[in-house]
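Kindly generate the complete structure, drawing on both the sequences and the hints.
For the record, the sequence lines run as chains X and U. Residue numbers for the first sequence follow the working numbering, beginning at 1 and rising by one. Residue numbers for the second sequence follow the working numbering, beginning at 350 and rising by one.
Calculated directly from the structure, the hints in this document are not laboratory data. Be a bit skeptical, because a hint or two may be false.
What the hints assert, rightly or not - Some chain U residues close to chain X (C-beta under 8 Å, calculated; not the full set):
1) Met526
2) Ala527
3) Thr602
Stated by the list, open to error - Label pairs and their in silico Cβ distance ranges:
4) Arg28(X) to Trp461(U): 16 to 24 Å
5) Asp131(X) to Arg468(U): 38 to 46 Å
6) Val261(X) to Phe540(U): 45 to 53 Å
7) Trp461(U) to Ala219(X): 47 to 55 Å
8) His216(X) to Ala484(U): 55 to 63 Å
9) Pro110(X) to Gln435(U): 30 to 38 Å
10) Trp461(U) to Asp131(X): 42 to 50 Å
11) Glu244(X) to Arg468(U): 57 to 65 Å
12) Ser281(X) to Val462(U): 30 to 38 Å
What the hints assert, rightly or not - Some chain X residues well away from chain U (every beta-carbon gap over 12 Å; in silico):
13) Ser53
14) Ala117
15) Met151
16) Gly194
17) Gln205
18) Gly277
Every residue, glycine too, gets a C-beta built ideally from N, C-alpha and C.
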Amino acid sequence: MSESILLDVRNLSVEFAMSRSRMGLGPRRSLSAVSDVSLCVAAGETIGLVGESGSGKSTFGRAILRLGELTKGQVFLDGQDMAQARGEDLARLRRETAMIFQDPFGSLNPRLTVRQAIGEVLHVHGKADADGARARITELLELVGLDAALMDRRPGDLSGGQCQRIGIARALAIEPRLIVADECVAALDVSIQGQIINLLMELGQRMHLGMIFIAHDLAMVRRLCDRIAVMYLGRIVEEGPTEEVFGDPRHPYTRSLIEAVPEIDPARGLPAAPLQGEPPSPVDLPKGCSFHPRCPLARSECSAILPPLVGARAHRAACILAPGGQLNKAGDNLPKTIPVTPTERTVKC
Amino acid sequence: MSGAATIRTRRICWPGKVTPLVLGAGILIAWLLVAIFAPLLAPYDPIYQDAAVRLQPPTWAHPLGTDNFGRDILSRVIWAARIDLQIAVFGVVFPFVIGTVAGSISGFFGGWVDTVFMRLIDVVLAFPFLVLMLAIITIIGPGLGSFYIAMALVGWVSYARLIRAQFLVLKNSDFAMAAVSLGYSNTRVMFRHIMPNAILSSVVFSMSDAVLVLLNGAAISYLGLGVQPPVAEWGVMIAEGQGFITTAWWITTFPGIAIVTLAMGFSLLADGLGEAFGVRE
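What follows is the structure, encoded as C-alpha cells:
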C-alpha cells in the first residue's frame, strides 16, 4: 500500500437496538450487524467485500458513507474523521463519495428523466451551468456506454442494465474519489454483469477511484478487485490481496466459500464438504469465534477465544489455526479439512 | 395483502378509446360546463316561485317538473351544480393540503413530531366522522363556510395517514437513499424525490373522497346545517322533496340522478388516474 490512503475505517461497529422480548419486560437486546471492522482503501484501489447474506457487508458499506447508523468507530477520509461529521464536513463526505445500489430500478426516482436525474447532481453541486449541463450529461452517458438519445426517458422505459449504467453515470457526476458499489450487478443478467464489471474496472483505473465492491459472487470479485475482505457475521475474517486469498485461503470460512464457487467444468465435482447450516443469529452470537459451530476444523479453544486478525500485514486471517494464530506459530497454512468423526466434533464444539 | 387480492383483475371492456379516465373526465367537464353556463342553460330563475304551477310532473314547459313552491326543477338542478362542484372541490382541497403537509412532516422526520401528529389523528378518529362534523358546524354556525372548515378539520386525517405511510416506505427506498448519498438537502429529498411519488395515491384517493364529500355535503344540507334554502343544492332539494316522494317523485329523483352522475364522474376519474399512475387502491 504505497499509495495514499483515501479511506481508513477503524473499529467500526453498527448495532441495532431491538424491541424487548416478553412484552417489553425482557432484557434490552441489540443486534450487532458489524463489529469492530477496520479497513483501508487507497486511491485507485478496488476492494472486494464478500460474505453470505446477513454478514453485514451492506450495513458496513452504508455506515462508512453515513447512510446508515453507526455505533462506534472512526471513518477517516483524507485523515478527517467522518463518523460523527455534520454540516459542512458531512457535505464534503457526500461530495467525495458515491454509492451504486443493488436494484437498478429502485435506485432511480421513477418520476425523473435521465436528464433530470443526472442534471440535478450537476446543478446541486455546481458542476455545470445550465448550458454546460447538456454537454456534460451526454459525456457522462457516453462514459458509461449509453446513447445520449436516452436522455429524456424515464427508468420505466429502460432495461435493468441501462438503469444500472445511469446509476453509475449519476454517481460519477459528482466526481467522487470513493465509490461503494453494493451488490451492483446481482440483479442483472450474467451477460450484462460482465459488461458492468468491465465498465467499473475501466472507470476505476481511468479516474483513479477508490472502490469498495460489495458482492457475494466470488468469481466477479476475483476479476475486479485488488484486495478482498471476507466478512462473516459482522467481522472481517480474512483480508488480503485477491490472488493470495484465492490461492491460499487462511480462514476455513474463506476456504469453503471458494470451494463452493460453481465452475463450468464437469470434471471438478461439487464441493466435498459444503458448509452446513446457516449463520447463527446475530442477536445471539456464539461465544468465541462466531464461525466455530459450522467450522470443519473447530477445536475446543474456538468457543473460548475470539481470534484477532493475524498474519503478515497484507494477508491476515482471524483464525487460531491460521499462520501466526494462537495454535499455529509454525506458519504453515490451515490443516486440510479432514472429516472428523462425529463424536470428536460434538466434544469439540 | 393476500395473494388472491393482488392478482385480482377487474377488466371491463370499454368500447374504443373510452377508458375510465376519459369517461370520468368527460362527465366532470360536462358538469363544469353546466355550472359555468348555468344562467344561459337554465330556462327559469331557480328560486322564482310560481304558485300557478305547483307540483307539476315533467311537461314541455318544465321538462323535469316543478316542486311544491312551483320552482322549476331543471333550473334548480342546473344552478345547484355550481354549489355542489364547489363543495366537492373545496371539501377535498383543504383536507388534502393540510393532510399532505402534516403527513409528510410526520413521515419524513419521525420521532416525537410523528408521535404528536399520530396522537392528534387518533383523537380525531376516535369520534364518528359525521358526528364530529355536526358538532363543529353547530359550534361555528350553519352554512357552507362552516362546512368547509369542519371538512378540513375532520377530513385531513385520511390524507395525513396515507401520505405518512407512503413517506415511511419511500424514505427507506433506494432512490431516497441515493438522493441522500448524492448530498441533496433534506428539503430537496423530501419535496423533489419523495413527495412526487408519495402524493400519487393521495391524488387518486382525493377523487374517491370527492364523492364522499359530495354526499356528506348533501347530508349536511339535508340536516339543515349546510346550504340554506332557498339556494338550490341537490341535497337540500332531496330534503325538501322527500315529503312528496309518493306523489311527486320528480322533485327528489332528478337531483338524486345529478349526484349519482357527478359522483360517478369522480369515481371513474379516480379509477383512471389510479391505472395511469400504477397506484393500487
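Checked hints:
no.: 1; hint: Met526; result: holds, 6 Å
no.: 2; hint: Ala527; result: holds, 5 Å
no.: 3; hint: Thr602; result: violated, 45 Å
no.: 4; hint: Arg28(X) to Trp461(U): 16 to 24 Å; result: holds, 21 Å
no.: 5; hint: Asp131(X) to Arg468(U): 38 to 46 Å; result: violated, 51 Å
no.: 6; hint: Val261(X) to Phe540(U): 45 to 53 Å; result: holds, 46 Å
no.: 7; hint: Trp461(U) to Ala219(X): 47 to 55 Å; result: holds, 49 Å
no.: 8; hint: His216(X) to Ala484(U): 55 to 63 Å; result: holds, 60 Å
no.: 9; hint: Pro110(X) to Gln435(U): 30 to 38 Å; result: holds, 35 Å
no.: 10; hint: Trp461(U) to Asp131(X): 42 to 50 Å; result: holds, 46 Å
no.: 11; hint: Glu244(X) to Arg468(U): 57 to 65 Å; result: holds, 59 Å
no.: 12; hint: Ser281(X) to Val462(U): 30 to 38 Å; result: holds, 34 Å
no.: 13; hint: Ser53; result: holds, 17 Å
no.: 14; hint: Ala117; result: violated, 9 Å
no.: 15; hint: Met151; result: holds, 18 Å
no.: 16; hint: Gly194; result: holds, 23 Å
no.: 17; hint: Gln205; result: holds, 23 Å
no.: 18; hint: Gly277; result: holds, 30 Å
Comparing the model with each earlier hint shows violations of hints 3, 5 and 14; every other hint is respected.
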